[in-house]
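Just so you know, the sequences run in chain order A and B.
Sequence positions in the first sequence follow our numbering and run 1 to 161.
Sequence positions in the second sequence follow our numbering and run 1 to 286.
Watch out, some of these pointers could steer you wrong.
[Said to hold, decoys possible] From the structure, some residues in chain B lie toward chain A, with a derived Cβ separation under 7 Å: (1) 3; (2) 4; (3) 32; (4) 33; (5) 102; (6) 103; (7) 105; (8) 107.
[Said to hold, decoys possible] List of simulated lysine-lysine pairs, DSS-like, C-alpha gap at most 30 Å: (9) B:236 / B:249; (10) A:39 / B:189; (11) B:89 / A:56; (12) B:54 / A:56; (13) B:189 / B:249; (14) B:53 / A:39; (15) A:56 / B:53; (16) B:249 / B:89; (17) A:143 / B:189; (18) B:236 / B:89; (19) B:54 / A:39; (20) A:56 / B:189; (21) A:157 / A:56; (22) A:157 / A:143.
Derived from the structure by calculation, the hints contain no laboratory data.
The structure displayed is predicted, hence computed values, not measured ones.
Quick reminder that beta carbons are idealized off the backbone N, C-alpha and C, glycines included.
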Amino acid sequence: MTRDISITINGEEREFAVAEFRSLLDTLRNEVGLTGTKKGCDVGDCGACTVILNGKPVNACLVLAIEADGAAVETIEGLQAAPDEPSPLQESFMIHGGAQCGFCTPGVIMMAKALLDENPNPSEQDIRFALAGNICRCTGYTKIFDAVRAAADEMRKVRAP
Amino acid sequence: MRRFHYHAPNSLAEASRLLRELGETASLFAGGTDLLVEIREELRVCGHVIDIKKIPGLRALSFDEESGLRIGAQTTAREIETSPVVRTKYPNLASAVAALGSVQVRNRATLIGNICRASPSADTLPPLIADGAVLTIWNEDGERSLPIERFFVGPGRTVLARGEIVTGVTIPPPRPASARIYIKHGRRKAMELATVGVAVSVDRDGDVCRDVRIALGAVAPTPIRAIRAEAALRGKNLTPSLIAEAAEKAISESTPISNVRASAGYRREMVGVLTRRAIEAVTGAP
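Based on the provided sequences and hints, a complete structural model is requested.
Here is the structure:
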């Protein structure tokens, strides 16, 4: 059986019909066409599908689309101001080589965004603790942590004129 | 993903009725961080999920000096982990919830869900048992209270009757000269299931142990209390030799299995080591 639901995705209200057992992840990728959110393990272990649901980072594979009816979801596609205007966090990942194959990157960046929204000046330990649920098989994490730390510094400069 | 039907009742009565009418393949659904995984990996046959997140009155996280800490069935692990009062008054529970999965998982997972899943290795259970937590269980005839240590029957099995719903847990207020700790032992620091978990909560009167409760996780079919180890300490001055004796008793009370995470022998050894460390930590022993 399908149900009609409405989700505000990256600020835009979208309506569609979903099967009641369908995950938010499959809905974003297959119904909405937003394939930036990646499907890694599909059981909440890898963090590649991290999105921000009503202000909180979650694994989209472990949320049912039907539960998100009426909710606000932010995905990696919502971060940039325009196609050639990456957000400071995305810019920082490019500068610091925080991505290699890129599969984990959207999830890592969404988790880092959630961290910096809550804590604009995180310690090294805060960053490592926040990213514990995002698996990266390429970078060894060091450049990811560098990118998040540098983005935090940059974003604080912008906030405090 | 396997197919199932989704229900979102607005009341406990409706949720309970659905549980009874839909039978064995209906499961309550709060955070879903275990349930959806079990469905997807075909570890659980589930025809119906009953989402309890639309039921009013289940989102509680409050403390008072008389009745203690009250946590509702919709309250997430992350809300508990970041609560200042939990961090101050119940550091054992705060560290246990912080060790559960990732931030993303903890934003969805609930404490009551972790309890009802009844995994022998669940991190939150030893500190709740050591602190004498009491569950509130709703059924169509009313409510009943049950000490959490009497809730578990076996791996994944509890005393809940069909149609009963755990609506919350209450942890008594900490006594003035009390201390508590939970130590999780695993192969890695994050995203790990406990190999052994030990919780110790102690009430002291000077150097004397007035009362103590020791709970062990992942070393028996359910989390257990180390009753003989507790008895060895109660009313005594906590000397290193007495602590060593209690740790030996805790080993003898554990009945671990060997699995992919550790052998039974290793787990037994670690019960002794961690029990000693936990007692030393809460009593300030060197």
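Right, here's what the structure says about each hint:
| no. | hint | in the structure |
| --- | --- | --- |
| 1 | 3 | 5 Å, holds |
| 2 | 4 | 5 Å, holds |
| 3 | 32 | 6 Å, holds |
| 4 | 33 | 5 Å, holds |
| 5 | 102 | 2 Å, holds |
| 6 | 103 | 6 Å, holds |
| 7 | 105 | 6 Å, holds |
| 8 | 107 | 4 Å, holds |
| 9 | B:236 / B:249 | 16 Å, holds |
| 10 | A:39 / B:189 | 24 Å, holds |
| 11 | B:89 / A:56 | 26 Å, holds |
| 12 | B:54 / A:56 | 18 Å, holds |
| 13 | B:189 / B:249 | 28 Å, holds |
| 14 | B:53 / A:39 | 26 Å, holds |
| 15 | A:56 / B:53 | 16 Å, holds |
| 16 | B:249 / B:89 | 29 Å, holds |
| 17 | A:143 / B:189 | 20 Å, holds |
| 18 | B:236 / B:89 | 25 Å, holds |
| 19 | B:54 / A:39 | 28 Å, holds |
| 20 | A:56 / B:189 | 23 Å, holds |
| 21 | A:157 / A:56 | 25 Å, holds |
| 22 | A:157 / A:143 | 21 Å, holds |
Every hint from the earlier list agrees with this structure, and none is contradicted.
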